[in-house]
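Sequence lines, in order, name chains L and Y.
135 is the number that numbering that gives the first Met the number 0 gives the last residue of the first sequence; the numbers go up by one with no jumps.
192 is the number that numbering that gives the first Met the number 0 gives the last residue of the second sequence; the numbers go up by one with no jumps.
These are calculated hints, taken from the structure and not from any lab test.
Heads up, the beta-carbon is just placed ideally off N, CA and C, and yes, glycines get one too.
Mixed in with the good hints, there may be bad ones.
Said to hold, decoys possible - Label-pair ranges, simulated between beta-carbon atoms: (1) Glu155(Y) - Pro35(L): 32 to 42 Å; (2) Met154(Y) - Ala39(L): 24 to 34 Å; (3) Lys69(Y) - Asp15(L): 25 to 35 Å; (4) Glu117(Y) - Asp34(L): 16 to 26 Å; (5) Val58(L) - Ala20(Y): 16 to 26 Å; (6) Arg90(Y) - Arg38(L): 18 to 28 Å; (7) Ala45(Y) - Ala69(L): 36 to 46 Å.
What the hints assert, rightly or not - BS3-like cross-link-like pairs, simulated, lysine-lysine; straight-line CA separation at most 27 Å: (8) Lys69(Y) - Lys73(L); (9) Lys57(Y) - Lys69(Y); (10) Lys73(L) - Lys57(Y); (11) Lys1(L) - Lys69(Y); (12) Lys71(Y) - Lys57(Y).
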Amino acid sequence: MKIDRLEVLAEAYGADLSRWPAHERAFAESLIAADPAARAVLEDAAALDALLDASPRIVASAALTARVLASAPKRKASRGHLGRVFWILGAGWAAAACAGVVAGVGLTSHVTANERADAILYQATLSGVDDTEVLG
Amino acid sequence: MVAVVDPDEDLVRRVGLGDPAASQALVERKLPRILALAQRMLGDAAEAEDVAQEAMLKAWRQAPTWQAGKAKFDTWLHRVALNLCYDRLRRRREIPTDAPPDRPDEGPAPDRGLLAAETGRRVDAALARLPERQREAIVLCHYQELTNIEAAALMEISVEALESLLSRGRRALRAALADLSPRSDGRRAGDGR
Numbered sequence: 000m001k002i003d004r005l006e007v008l009a010e011a012y013g014a015d016l017s018r019w020p021a022h023e024r025a026f027a028e029s030l031i032a033a034d035p036a037a038r039a040v041l042e043d044a045a046a047l048d049a050l051l052d053a054s055p056r057i058v059a060s061a062a063l064t065a066r067v068l069a070s071a072p073k074r075k076a077s078r079g080h081l082g083r084v085f086w087i088l089g090a091g092w093a094a095a096a097c098a099g100v101v102a103g104v105g106l107t108s109h110v111t112a113n114e115r116a117d118a119i120l121y122q123a124t125l126s127g128v129d130d131t132e133v134l135g
Numbered sequence: 000m001v002a003v004v005d006p007d008e009d010l011v012r013r014v015g016l017g018d019p020a021a022s023q024a025l026v027e028r029k030l031p032r033i034l035a036l037a038q039r040m041l042g043d044a045a046e047a048e049d050v051a052q053e054a055m056l057k058a059w060r061q062a063p064t065w066q067a068g069k070a071k072f073d074t075w076l077h078r079v080a081l082n083l084c085y086d087r088l089r090r091r092r093e094i095p096t097d098a099p100p101d102r103p104d105e106g107p108a109p110d111r112g113l114l115a116a117e118t119g120r121r122v123d124a125a126l127a128r129l130p131e132r133q134r135e136a137i138v139l140c141h142y143q144e145l146t147n148i149e150a151a152a153l154m155e156i157s158v159e160a161l162e163s164l165l166s167r168g169r170r171a172l173r174a175a176l177a178d179l180s181p182r183s184d185g186r187r188a189g190d191g192r
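Isolated chain L (complex conformation) (with noise of 0.2 Å):
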């Protein structure tokens, strides 16, 4: 690295290495330390660092940090020990339900086949025609 480039750098980044780029900071390092035009280069970049740093530290208000805390996402709600007791047996009343349904259901149809097949032989005594006067 040349001096030049050297202030090139300084100018850009200031006197502080580490803002440096990485692949450049040995060369600098070397030429800090072998001259001292390059020394003073990095003290005229050291005081306005120093100016720039002279800038207040700026911090957050308590009411700014509240607002922001109070809009963080929330954990979502989640279920105890007694709420999936309760989701459990909730569930089972569920599938009594269900199962009496169907039950109801079946049996309904069952005995709804068999007074239909009552009615129809009762209608077909009151008709009092037999089958065969019909059929012939």
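Position chain Y against the provided structure of chain L, taking the given hints into account.
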């Protein structure tokens, strides 16, 4: 593609799950940083608070679906905050106001023994008067301590262009603050940082 090592990865994952301690930690880590970015970009404390709050709101929305390894969360948050700052700066240009947004520089104080607060005020005023892109480059590299590659990527420019903006910005600041430099009264510069 190389996976990005992100120091905020675990924290963001926990925020996404609704962990209040993680949200608190993320606010402590990021809010002052984003507020400082916005305040130095806009030169207005109230507007900076609005930008910081909005950026953090976007962070909360992003956390549950954040995909680790693709980008650093801090860089993404800077991108969000910078875009919000650009919007406000653009609005200022479109709707000029009577009052200039930047704090005026009242010039050098009569006394050499300036208080630190006064020096800080002068520095902030000089920074606020820089052209936007030069100010942005200095804020990202010096104050936010981003690497040159991160800053150039955020500004969507090459590293060489970033270096040019930094150099011009620092030269302008040196000229504006020449009377404050320790060298201007014959003293040697200190050890720097």
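- prompt: Does the alpha-carbon distance linking lysine 71(Y) and lysine 57(Y) stay inside the 27 Å limit?
  reply: Roughly 15 Å between the alpha carbons, so the hint for lysine 71(Y) and lysine 57(Y) holds.
- prompt: When you take the CB atoms of valine 58(L) and alanine 20(Y), is the distance between them in 16 to 26 Å?
  reply: 22 Å, holds
CB-CB spacing for alanine 69(L) and alanine 45(Y) relative to the 36 to 46 Å hint: 19 Å, violated
task: Mind checking the alpha carbons of lysine 69(Y) and lysine 73(L) for me, to see if they're no more than 27 Å apart?
output: 25 Å, holds
query: Are lysine 1(L) and lysine 69(Y) close enough, with their CA atoms no more than 27 Å apart?
result: 38 Å, violated
- prompt: Cβ-Cβ distance between lysine 69(Y) and aspartate 15(L): within 25 to 35 Å?
  reply: 30 Å, holds
field: Outcome for the supplied range 32 to 42 Å, where the beta carbon pair is glutamate 155(Y) and proline 35(L)
entry: This hint holds: roughly 40 Å between Cβ atoms.
query: Under the criterion that the straight-line Cα-Cα distance not exceed 27 Å, is the pair lysine 57(Y), lysine 69(Y) satisfied?
result: 18 Å, holds
- prompt: In this structure, is the beta-carbon distance linking arginine 90(Y) and arginine 38(L) contained in 18 to 28 Å?
  reply: Cβ of arginine 90(Y) to Cβ of arginine 38(L): about 46 Å, so the range 18 to 28 Å is violated.
Pair hint outcome, lysine 73(L) versus lysine 57(Y) [Cα-Cα no greater than 27 Å]: Between lysine 73(L) and lysine 57(Y) the Cα gap is close to 15 Å, so the pair holds against 27 Å.
message: Tell me if the beta carbons of methionine 154(Y) and alanine 39(L) are separated by a distance inside 24 to 34 Å.
response: 31 Å, holds
task: Kindly confirm whether 16 to 26 Å is satisfied by the beta carbon distance between glutamate 117(Y) and aspartate 34(L).
output: 37 Å, violated
In terms of the numbered hints stated before, the structure departs from hints 4, 6, 7 and 11, listed from lowest to highest.
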